[in-house]
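Engineer: Please model the complete structure; the sequences and the hints are all you need to start from.
Chains A and B supply the protein sequences, listed in that same order.
Each number in the working numbering comes from the position in the first sequence (counting from 1) with 13 added on.
Each number in the working numbering comes from the position in the second sequence (counting from 1) with 505 added on.
Please keep in mind that the hints were generated in silico from the structure rather than gathered at the bench.
All residues carry an ideal CB built from backbone N, CA and C; glycine is no exception.
Among the clues, some could well be false.
[Said to hold, decoys possible] If the Cβ cut is set under 7 Å, some of the chain B residues that face chain A in the computed set are:
id, residue
1, G521
2, L531
3, A828
4, G830
5, A831
6, P832
7, P833
8, P908
9, I909
[As the list claims (entries may be wrong)] A few chain B residues that don't get close to chain A, going by computed Cβ distances all over 12 Å:
id, residue
10, L524
11, V601
12, A740
13, A763
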Amino acid sequence: MTDRTGSEGADPGSADDPLGLWGTSSLFVPEHSEPSVTTEPIPLLPNQTVSRTQWADPDAPVPVIDLLDVTKVYRPGSLEVAALRGIDLRIGAGEYVAIMGPSGSGKSTLMHIVGCLDVATQGVYRLAGEDVGDMDEVDLAEVRNRRIGFVFQQFNLLPSLAAWRNVELPLTYARVPRDTRRARALEALDRVGLADRVHHRPGELSGGQQQRVAVARALVTDPALILADEPTGNLDSAATADVLRLFDELHEQDRTIVLITHEMGVAQRAHRIVRVLDGVIQSEGAEPGIAGSAADPVSVAGVASGVTR
Amino acid sequence: MNWWETIRTGWDAILGHRLRSGLTMLGILIGIAAVVLTVGLGLGSQQEVGARISSLGSNLLIVTPGSSTTTGGIRGGFGTASTLTTDDADALASTVAAPDIAAVAPIKSTSESLTAGSTNWTTSVVGTGPSWLDVRARTLSDGRFLTSADVAESAAVTVLGSETATELFGSPDAVGQAVTINNVDFTVVGVLASAGSDASTNLDDQAIVPISTASNRLIGGTTRNAVSTIYIQAAAPDMLSAAYQEADALLLNLHHIASPTSADFTISSQQTLLATATSVSRTLTILLTGVAALSLLVGGIGVMNIMLVSVTERTREIGLRKALGAPPAAIRRQFLVEATVLGLAGGVLGAALGIAGALVLPNLLGTTIVVSPAAVVGSIAIAMAIGVVFGVYPATRAARLAPIDALRSE
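Structural biologist: If you want it as structure tokens, here you go:
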């Protein structure tokens, strides 16, 4: 956490001049590049929602994650608790983004909404172009199944199932035929370097290996987004390095990765760090990643508005 | 996830907690075994009663003195109001007055001590006529039965049951032997073929004598012509009701009774006896089945309890499955199938235990247990239904868990 002020200072440009950043890329939506939109929160007009599906440039790729003024309010008792207060965030295909923040900052809530495990109280969330705001539980389950690969801190493998059967689990809910499932599970395990451990149960694997099985499970559906919640939180440094190397490899294969962490060392592997504090995005920008490449051009439309609230 | 895989997953989960699943199944198992056994016992006792009543003979009507406080007493002639007489029997036997009655066998019985040489044997001595053999559907293994001449002459002759003969003479081969009953010397003229025994009477342990001999030389008393029972055999099964009406009208007339409601006799058929007997055993069966059903209910609550524990214990697994894209229906189905598999396994094992019990218990208790396939299939279906019914609530609870809450749980 002591690093935070430093990294914020190192990253002023994205918040002050989002237009300039957008100018470097044709990846993003034309309406967002209009100056009038950037200085204020984007109004959530119905016609705007409609226009999103009719791009002026048909070749412009759809961002994987597109959060517009997302608010989440919990009512644990009579008191309302706003966990998220107007989050605007866009993450393009192939990005490797770390979301950082202390506990209670709302990063877990953000992760739940991004992961379609929960829905926003207000605002729009499009996952790979699909508006998930109006979806019921069944549709959300399908979106999670098709679009998102989860990696959890606790690995969350089913102890009674062999590694390959843990990996094929998401495919069983996608009604993929048995033979195909097995083949894809074995392929995913091969990609995480566990081809020789497919019949081991989680209890017979080390923590790092278990997390690699979990990554294989996240990969097996070929999702638009890999969402990792503190993936190294339960791992020793060797296993952490192992898993982070795996994420680097996946990034090189153009996977979109969102990593939630509170460890600076882990976050620095990503190419962009989003800091969340008190339910708003505090700062956002490229960090000097270990991979050495420059940060991808990103959309930061909501940062200024987040701070002003 | 298709049904087969869901069943496999459920089975894996059950095998993952062998002891717990086994104990849960035990509740269903005991309940189903109890149902199979009690239904079997009920059917068995009905069958037994049916066999006993049909062993009386076929197409039978049984006339008993209705106003008598004691029937067939040792001193039937003295004081007791036995309203049936040999005259009644003779009138019923008339083909003119009662054309649908094929045969009539009046009975006058007493318990006497039989002596042959130095051997004593106390048994039931039945005084009757020659038609008894046909009416009661008995056969002889040796010798001859009573004749009309025996009755007319009050002859001192007797036909022994096979067991009585064996007790007195060491073998059923007793024709020509002498036996003393109440200081009267009788000659054994025939031996009845064995008819087995039922729970209440031993059909093979009795001595048949002419009814006239019984009233005049054994029992005596002032109402010598009184009888305890008159068996009437209808000519054919479809003449039974005609025979009933003829006998009823004839006896009312003979007894000078105007209103049938004040009749001093009762005519019952095998059907009415059977109905009475079955209604008793049916009540018993219903009672026992009720107890068995209660134990099934307890077993079902056990299933629900364990499924709720299972849902709580596997909250994290449910959360994970939901995060990986399992819709609520899939989660509900998974737990429902698990409960159903528990119920079904308990049902199959319980039915097996019930069948095993039905094979072993009759040898120990001397009762008849009839395992009907319908009861077995039905009880297995009930066990499955119990799994479903008591699985619905836990499964719905699992399906309703919010994925984030479920994932957060420890």
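Engineer: Indicate, hint by hint, whether the structure satisfies it.
Structural biologist: Evaluation of the provided hints:
no. : hint : result
1   : G521 : holds, 5 Å
2   : L531 : violated, 23 Å
3   : A828 : holds, 5 Å
4   : G830 : holds, 2 Å
5   : A831 : holds, 5 Å
6   : P832 : holds, 4 Å
7   : P833 : holds, 6 Å
8   : P908 : holds, 5 Å
9   : I909 : holds, 5 Å
10  : L524 : holds, 16 Å
11  : V601 : holds, 87 Å
12  : A740 : holds, 74 Å
13  : A763 : holds, 83 Å
When the structure is compared with the earlier hints, a violation turns up for hint 2 alone.
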